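Residue numbers (my numbering), protein chains in the order written: chain Y, 1 to 277; chain B, 1 to 531.
Hints were generated in silico from the structure; no laboratory data involved.
Accuracy of the hints is not assured; some may be wrong.
[What the hints assert, rightly or not] Here are the simulated DSSO-like cross-link-like pairs (lysine-lysine), alpha carbons at most 27 angstroms apart as the crow flies:
| id | chain 1 | residue 1 | chain 2 | residue 2 |
| --- | --- | --- | --- | --- |
| 1 | B | K476 | Y | K45 |
| 2 | B | K169 | B | K88 |
| 3 | B | K286 | Y | K134 |
| 4 | B | K368 | Y | K75 |
| 5 | B | K317 | Y | K45 |
| 6 | B | K410 | Y | K134 |
| 7 | B | K368 | B | K410 |
| 8 | B | K388 | Y | K134 |
| 9 | B | K207 | B | K511 |
| 10 | B | K88 | B | K476 |
| 11 | Y | K134 | B | K368 |
| 12 | Y | K75 | B | K511 |
| 13 | B | K185 | B | K121 |
| 14 | B | K486 | B | K286 |
| 15 | B | K410 | B | K286 |
| 16 | B | K198 | B | K410 |
| 17 | Y | K134 | B | K317 |
| 18 | B | K388 | Y | K45 |
| 19 | B | K199 | Y | K134 |
| 20 | B | K388 | B | K368 |
| 21 | Y | K45 | B | K410 |
[Unchecked claim] Here are some of the chain B residues that sit facing chain Y, going by a computed Cβ distance under 7 angstroms:
| id | residue |
| --- | --- |
| 22 | P251 |
| 23 | N310 |
| 24 | F313 |
| 25 | Y386 |
This structure is a prediction, so every number in the text was calculated from the model and none was measured.
Positions of the beta carbon are idealized from the N, C-alpha and C atoms, including for glycine.
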Amino acid sequence: MLAFWKLYRRNLSAVLGLAILLLVFAVAATAHLFFPDDPFRLAGKSMSPPGAAGFLLGSDSLGRDIAAGIAHGAKTSLLIGLLATFVAVVTGVLMGALAGYYGGWVDDLLMRTTEMFQTIPSFVFAILLVAIMKPSIESIVIAIAVVSWPAVARLVRGEFLSLKNREFVQACHTLGMGDFRIMLGEILPNCLSPIIVIGSLMVATAILIESGLAFLGLGDPNIMSWGFQIGAGRTLLRSAWWVCTFPGIAILITVLAINLVGEGLNDALNPRLRERT
Amino acid sequence: MRISKWIGQAVVVAGVLVGGFSAAAQQSGGTFVYIVQPEPPSLASYLSTSGPIGLVAPKIYDGLFEYDNDLNIVPALAESYAISADGKTITFNLRQGVTWHDGAPFTSADVQFSVMEILKKVHPRGPNSFREVVSIDTPDAHTAIFNLENPAPYMLRALSGYESPMVPKHLLEGQDPRSADLANKPVGTGAYKFVEWKKGQYVRLDKNENYWKPGLPYLDRLVGRFIPDASTRTAAMENGEVMYGAYGAIPNIDAVRLRDMDGISVTTDGYSMINPMSLIEFDTTKAPFDNPAIRKAVSLALDRKFLIENIWFGYGKPATSALSTNFSATGLYAKGLPNYPANADVAAAKALLDEAGLKPDADGIRAKAVLDLIPYGEDWRRAGEYMKQALGDVGIELELRYEDVPTWLKRVYADYDFAMNVNYFYQLPDPVLGVHRHYGTDQIRQGTHFVNSSRYSNPKLDSLLAAGAMEADAGKRGEIYGDIQKILAEDMPVVNLFEMQFLTVYSDKLKDHATSALGAYGPFDRAWLEQ
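Using the sequences and the hints, build the whole thing.
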C-alpha cells in the first residue's frame, strides 16, 4: 500500500485530484451538519445574490439556499456515481469474464448482446430508459448502469482472453481447480488494475449523465442534485446567474478531480506505462 | 436536443424562403411561425380541450359564431339567428357556399351531427353547453333549428370554433369519434388547411384559398413549432425564429425582460373568454382526501400570494371562491367566503388536521401523498416544489410526479390513479360552460378530459347547478350561485388557487392577431405580417 502511494504521489495532479475529491466527500458527509434543513426549504428572499440575505451563494427563484443545495447535491451525485458504477462494473465483469473464459457460443451470445447495447448512443438510451421507468433515483442508477457496463465487459473479456492460456492458469487446470475458482481467484485479480481505472473514470461519467438527465427534467423531482439545480435555474440565467453557475462549477470540479484520480491510478497501477512521458 | 434545434432552424429557413417568394400584396403573404407548447396529444378539438389543441385546431375548424374583444357575437358559419319568445327554439341561418377543405359542401346536416353526435357526446364541455338541446331540425341545407328543453342563454357564448367546432359529418359518420383518423388529419371549413404534422417538430397549416371570408386569410402559412425547453423558446422569440408565444409559452420572467426589447411586445389581451383558474384536484374517494376537512387544510396551508409573486412574477390574483372574480360583472361571484386565505394560515391548517384526527407521527408526518403536476412547463414544477414544502410544514408529505401530457391525462382522467393533481381549468364566460364540469355528478365521465376527476358527488349541489343553468333572472341566479360557492368553500372538492393571467409575447411585425375574444385560440384569419 505504501509502495502504491509512493508511485501515486509522483503524479502531482493526481494528488491534487484526490485532495479535491476528498473535500467533496467531506462536504457530502457534513452537509447535514452545516445545512441541517431540507435543501428544498424556502429559506428566505428569492433570487438573492451571493452574500446577500445570509445566503453564501445566493438563493434561487423560490428562495432556496444554493449552498445548501450544492452540499446536499454532492451526496446525491456521489451516491449515484458510485452506485451506478458498482452495478455496471459487477455486470460488466460477469459478462466479460464468462465470455472471455468460455469462448465459443457463450462468447458469441454475450458479445453480440454487448454490441447491441453499444450501438445505441448512451445518453439517448439513458433518457429513454428513465422516461419509460419514470424519473426516480433507482431508475437513474439503473439507466446509467445499463449504458455503462458494455465498456467494462469488453475490457474484461480481452483480459480474460489473454490470461486464460497463460501457464499459471493451465497449472490450475492440472491441479483440478473448478472454473469459477480459476476465474475469480486466479484470473480476475490479475486484471484488477484496468478495471479499477475504468471504474474510477466511470464514476465521473455517471455524475455527468445524472446531471444531464436532471437538467433535462428527468431527475428525481424529490431529491436535490446539482443537475436539478442547474435545470431549475437555467430559465433565470439572464437575471440570476448564480443559480446555475455554482452547481455547474461543483460538477466541473468534481468530474475533473475524479478524472485526475483515475489518471493517477492508471499511472500507479501500470508503472511501465507511466514511463511513456 | 441539438438535432431537433437544427431541424427547427431548417424549417424556419424553408418557411422564410417560401414565404418570401409568395409575398404579393403589401399585407398578404408570409409564413407565420408561432410556438405551440406543449405538443398537442391530437388535433381533435371536438374530443379534448387540452390547451395546445386550441392553439392549432380553431385555425382549421370554424364555429357558428365568433366573438369580438368585447364578447359581442360576430356571425361566422351562422349568418344570423333568431330566438323564439319562450327561449326554447333557436333558429340558425347558415352561410351558403361554404365548403370543407376536401371540397364537400357544409350544410345543416353537419351542424346537427356536430352538436348532437359529437359535442354533446364526446366533448368535455359540450354536454354542458348543449345540455338543453333536445333535437336539431334541418328543414333545408342552410337552416338549423335547435329545440331546447329549457332556455339556455349561456349556449350562445359557447359557439366559437374553439369551444364548439363544426366537424364534417361525412368524415366521422359511422365511426367511433374517439379513434377516427380526423383527430390527426383535421378537415374543417376554417381559414387554414391542415398540411402536415411532424411529430416532435412542428405542425403546418396552409392558407385556405376557398375561405368563405373574401380576401382572407392574409397569411400564406402557419407553422406551429413545438419547443419543449423554455429558455430555447425565449431565445427563439428573441432572435426572431418565432413570432408569437401565448399561454405562458415564454416564462413570465423572460416575458418581463423581452417586454423592454425593441420589436417585441407583451400583452394580457386575448384571454377574456378563457378565464383561467389554477387549482388542485383530489381523489375524493380515497383517504385521506375523502375528508373535506383535510382538503380545506390544504387550501389554508398554501400561500397563494407566494405562488403568484415568486413563480408567476406578479401576474395573477389569489382565488377567493370557486368562481373567478371576473364573474362579479354578471353578479354570480360570491364575496367573503371562508377557507381561501391569500397568505397561508399554517396554524389553522394544523388545527383542522388535528380535529380531523390526522395526528402527526414521530417524524411529524400526518399523511403521505403523490402530487401530480400539470406537465405544461417549468412554472408548474416550481409550484409543485413550493407545495411540497408548504404542505410538508403542516405534516402532509408529498412526492412530486411530472409526466408527459398523454400519460398524465390518462392517469388523472381515465385511470383515476392519482391523489392530488395540480391543474388549471378555464372557467369560460359562464359557469355553466366552465365550472359545472368540475363538480356535477353527471360530469364524472371516465376517459373525458378536464371534467369531474375528483368524483365529487353532492345531490344538493347537483340540484343547485341545474337550477343555476336554467334561471333566467339575474338576481335569482346570483343567489343560486352564492349557495353553490358556499357549499364548495366548505366541501372543497377542488382547491382553487389563483386566477391566472396569461401573457402573449409577440413580434411587432405581427399585426391584428388579437381581433377575437379568444386571442391565441382564435382563427388568426385577419392576422398579417409586415413584410
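Hint-by-hint comparison with the structure:
Our distance criterion of 27 angstroms between C-alpha atoms is broken by K476/B and K45/Y, whose separation comes to about 47 angstroms. Taking the CA atoms of K169/B and K88/B, the gap is about 25 angstroms. The hint holds against a cut of 27 angstroms. Proposed proximity of K286/B and K134/Y is supported: the alpha carbons are some 24 angstroms apart, at most 27 angstroms. Using a Cα cut-off of 27 angstroms, the hinted pair K368/B and K75/Y holds, with the two alpha carbons roughly 24 angstroms apart.
Between K317/B and K45/Y the CA atoms are separated by roughly 21 angstroms; this keeps the pair inside 27 angstroms, and the hint holds. The hinted pair formed by K410/B and K134/Y meets the criterion: a straight-line CA distance of about 15 angstroms does not exceed 27 angstroms. Distance check on the hinted pair: K368/B and K410/B sit about 22 angstroms apart at the alpha-carbon level, within 27 angstroms; holds. Between K388/B and K134/Y, the direct Cα distance comes to roughly 19 angstroms. Compliance with the 27 angstroms bound is thereby established for this hinted pair.
Taking the CA atoms of K207/B and K511/B, the gap is about 17 angstroms. The hint holds against a cut of 27 angstroms. For the hint linking K88/B to K476/B, the alpha-carbon distance of about 20 angstroms falls within 27 angstroms, and the restraint holds. About 19 angstroms separates the Cα atoms of K134/Y and K368/B, which keeps this hinted pair within 27 angstroms; it holds. Straight-line distance between C-alpha atoms of K75/Y and K511/B comes to about 53 angstroms, which puts the hinted pair past the 27 angstroms bound.
Restraint check: the Cα-Cα separation between K185/B and K121/B comes to about 21 angstroms, which is no more than 27 angstroms; the hinted pair holds. Of the pairs offered as hints, the one joining K486/B and K286/B holds, with about 23 angstroms between alpha carbons and a cut-off of 27 angstroms not exceeded. A hinted pair counts as satisfied when its Cα atoms are at most 27 angstroms apart, and K410/B with K286/B qualifies at roughly 19 angstroms. A distance of roughly 23 angstroms separates the Cα atoms of K198/B and K410/B; the hinted pair therefore holds under the 27 angstroms criterion.
Between K134/Y and K317/B the CA atoms are separated by roughly 34 angstroms; this puts the pair beyond 27 angstroms, and the hint is violated. A threshold of 27 angstroms between alpha carbons decides the hint, and for K388/B with K45/Y the separation of about 18 angstroms falls inside it, so the pair holds. This hinted pair checks out: K199/B and K134/Y have alpha carbons roughly 22 angstroms apart, not beyond 27 angstroms. Restraint check: the Cα-Cα separation between K388/B and K368/B comes to about 11 angstroms, which is no more than 27 angstroms; the hinted pair holds.
Taken as a hint, the K45/Y and K410/B pair is broken in the structure, with Cα atoms around 38 angstroms apart against an allowance of 27 angstroms. Interface hint status for P251/B: upheld, as the beta-carbon distance to the closest one in chain Y is roughly 5 angstroms, under 7 angstroms. Interface hint status for N310/B: upheld, as the beta-carbon distance to the closest one in chain Y is roughly 5 angstroms, under 7 angstroms. Given the 7 angstroms rule on beta carbons, the hint for F313/B is violated: about 9 angstroms separates it from the nearest Cβ of chain Y.
Taken as an interface hint, Y386/B checks out: its beta carbon lies about 6 angstroms from the nearest beta carbon of chain Y, inside 7 angstroms.
In this structure, the hints that do not hold are numbers 1, 12, 17, 21, 24, in rising order.
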